[in-house]
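Protein chains: 2
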Amino acid sequence: MNEIKIFAPATIANISCGFDVLGCCLDTIGDEMVIRKISKKGIHISKIEGENLPFETEKNVAGVAALSLINALYKKLDFGFEIEIYKNIKPGSGIGSSAASAAGAVFAINELLSKPFSKLQLVKFAQEGERIACGSPIADNVAPAIFGGFTLVKNDNPLQVIELPSLDNLLATIIHPQIEIKTADSRAILPKEVTLKNAVKQWANVGSLVHALHTSDFDLLSDSLHDFIVEPHRSKLIPEFDKVKKNSIKAGALGCGISGSGPSIFSFSKGVRVAENVAYTINEIYKKTNIDFNIYISKINTEGVKIIHLQ
Amino acid sequence: MNEIKIFAPATIANISCGFDVLGCCLDTIGDEMVIRKISKKGIHISKIEGENLPFETEKNVAGVAALSLINALYKKLDFGFEIEIYKNIKPGSGIGSSAASAAGAVFAINELLSKPFSKLQLVKFAQEGERIACGSPIADNVAPAIFGGFTLVKNDNPLQVIELPSLDNLLATIIHPQIEIKTADSRAILPKEVTLKNAVKQWANVGSLVHALHTSDFDLLSDSLHDFIVEPHRSKLIPEFDKVKKNSIKAGALGCGISGSGPSIFSFSKGVRVAENVAYTINEIYKKTNIDFNIYISKINTEGVKIIHLQ
Numbered sequence: 001m002n003e004i005k006i007f008a009p010a011t012i013a014n015i016s017c018g019f020d021v022l023g024c025c026l027d028t029i030g031d032e033m034v035i036r037k038i039s040k041k042g043i044h045i046s047k048i049e050g051e052n053l054p055f056e057t058e059k060n061v062a063g064v065a066a067l068s069l070i071n072a073l074y075k076k077l078d079f080g081f082e083i084e085i086y087k088n089i090k091p092g093s094g095i096g097s098s099a100a101s102a103a104g105a106v107f108a109i110n111e112l113l114s115k116p117f118s119k120l121q122l123v124k125f126a127q128e129g130e131r132i133a134c135g136s137p138i139a140d141n142v143a144p145a146i147f148g149g150f151t152l153v154k155n156d157n158p159l160q161v162i163e164l165p166s167l168d169n170l171l172a173t174i175i176h177p178q179i180e181i182k183t184a185d186s187r188a189i190l191p192k193e194v195t196l197k198n199a200v201k202q203w204a205n206v207g208s209l210v211h212a213l214h215t216s217d218f219d220l221l222s223d224s225l226h227d228f229i230v231e232p233h234r235s236k237l238i239p240e241f242d243k244v245k246k247n248s249i250k251a252g253a254l255g256c257g258i259s260g261s262g263p264s265i266f267s268f269s270k271g272v273r274v275a276e277n278v279a280y281t282i283n284e285i286y287k288k289t290n291i292d293f294n295i296y297i298s299k300i301n302t303e304g305v306k307i308i309h310l311q
Numbered sequence: 001m002n003e004i005k006i007f008a009p010a011t012i013a014n015i016s017c018g019f020d021v022l023g024c025c026l027d028t029i030g031d032e033m034v035i036r037k038i039s040k041k042g043i044h045i046s047k048i049e050g051e052n053l054p055f056e057t058e059k060n061v062a063g064v065a066a067l068s069l070i071n072a073l074y075k076k077l078d079f080g081f082e083i084e085i086y087k088n089i090k091p092g093s094g095i096g097s098s099a100a101s102a103a104g105a106v107f108a109i110n111e112l113l114s115k116p117f118s119k120l121q122l123v124k125f126a127q128e129g130e131r132i133a134c135g136s137p138i139a140d141n142v143a144p145a146i147f148g149g150f151t152l153v154k155n156d157n158p159l160q161v162i163e164l165p166s167l168d169n170l171l172a173t174i175i176h177p178q179i180e181i182k183t184a185d186s187r188a189i190l191p192k193e194v195t196l197k198n199a200v201k202q203w204a205n206v207g208s209l210v211h212a213l214h215t216s217d218f219d220l221l222s223d224s225l226h227d228f229i230v231e232p233h234r235s236k237l238i239p240e241f242d243k244v245k246k247n248s249i250k251a252g253a254l255g256c257g258i259s260g261s262g263p264s265i266f267s268f269s270k271g272v273r274v275a276e277n278v279a280y281t282i283n284e285i286y287k288k289t290n291i292d293f294n295i296y297i298s299k300i301n302t303e304g305v306k307i308i309h310l311q
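Going down the list, the sequences are from chains A and B.
Take the first sequence: its position 97, counting from 1, is numbered 97 in our numbering, and each next residue is one higher.
Take the second sequence: its position 258, counting from 1, is numbered 258 in our numbering, and each next residue is one higher.
In isolation and in its complexed conformation, chain A is listed as follows (with noise of 0.2 Å):
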């Protein structure tokens, strides 16, 4: 195995009640990359097509990724890797551009060596990345990548990731507004404190949540799907979000929220046809503003990073 091209995909962080630790994985979206080894020892940016990226390893999410992994390998390599990075996911959209990089990254690499390296793992090498990115080293796109589905990051340091169940027929219709949210502007509209009343309401939801989606309860899984706490802040950074959230639902959605910190919005669907509804309705809406905007329609990935070729 001298060559891998994989599928990184695009990500939901902070579904709804489960700010900072709820995610989900997504099928449809996501970027391509391909990785092969090389003579030249270290990881180096060969190509990156669709965005405007740094080439500099130590400034790629993704170099920094796959650094800290062939950092942490027991015996050094005499050899390297170069890395493509194909860019379909914008960054700052909201749904993982730079962890699908990182997470990328990292499995592929893991890959090649033949797997030294657990899932979890990875997602701490991938964190790296998400480190030059975002500032710190947040788990909430980059574990749901890697793990695929739903899942839970329980814990920061030491890292823990709980993989849930997922719904066969879930559908995330997503559209990204193409505005620039600053991240120092969504964090600074989060509250540092929140009343007890509402966290009691969240944690409900949270627990709902789970034992939705162990119990492939759809019903429960939309009576669980609100945010009491961040969403009515961060919302007011994303025009349109009330009109989006109602029509969403009234189309069918099971649900609506922000994902990761926006601008994208997310809206979880039984079956594809309810799932192109809202997509429709959504459309609707946005049409009207002067705003440019994509819509996409995915299945919730279960497997994470996805293997294309291998050779």
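To be clear, the hints were calculated from the coordinates, so they are not data collected in a lab.
Take these hints with a grain of salt, some might be off.
Because identical chains cannot be distinguished in the list, a pair is counted as satisfied if it fits within a single copy or across any two copies.
Said to hold, decoys possible - In the EDC-like style, the derived pairs of lysine to aspartate or glutamate whose C-alpha atoms are separated by at most 16 Å in a straight line are:
{"#": "1", "residue 1": "236", "residue 2": "185"}
{"#": "2", "residue 1": "246", "residue 2": "284"}
{"#": "3", "residue 1": "154", "residue 2": "219"}
Model the placement of chain B on the given structure of chain A, informed by the hints.
Showing chain B alone in chain A's frame:
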């Protein structure tokens, strides 16, 4: 069927991370009640042993709950019920004394009427008993008393109770220190606001606790039994709490916390031997104080209220 004798179980509410939402039902700690049909209409408390409680139906928790049930019947009854209560659970202990009486009464009458009501409806009637005992119709103890096992009260209004799986071989060791904690004090000590950081840790634990119950994962259960929000405040009202917690865990307990709003302290253990070790350890601590106390060991009761005999 004219007479039923039942076991009305004690319960643990506010299980660690699950303040206000998570409870479970106990097996060997509880009251007995005899309820029989009589020709005189209405609800009549005919006997109370073990505690000094009011005989007036409207002032008695079991009486109020039972009245709430018969008043909800579509067809008015041309007979009534008398209730005998044999209390073993001390009021104010924190293990659901009033809830046992309320749940027992409505369960028993529902049986004698050939079950016109669902378990969820029984919880609602029992909540009316809790309203006179606690000042508000809390479901935290009556839900596990009626459903058995572990319950998540997702919502109060409309009432939503989720039945969670239980774990075989899981035992609770309970100490009830016989001190009085005034409800007003245990409420006043609660913070109105909590940090977002602690709230996130708490809901990560609620999610992982629910997952642990679904996957029979004792280690994860243990690792989820933390309370960053309420315990640091309420534990101050319970003598030797920190010592009991620390040494219970040292003795092998999976976790330890305040039952309800105290003063009882529960520890969960895997297997009876560990539960007995924990009991021994707690006994050693409390016998050095001048406080009277009882220690109990119980399996999780997955049935809830139990029929002892029916005739």
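Verification of the hints:
Taking the shortest alpha-carbon separations for residue 236 and residue 185, only the intra-copy value of 11 Å comes in at or below 16 Å, while the best inter-copy value is 39 Å. Within a single copy, residue 246 and residue 284 get their C-alpha atoms as close as 13 Å, which meets the 16 Å cut-off; across copies the closest is 59 Å, which misses it. Only between protomers do residue 154 and residue 219 lie at most 16 Å apart by alpha-carbon distance; the minimum there is 13 Å, versus 25 Å within a single protomer.
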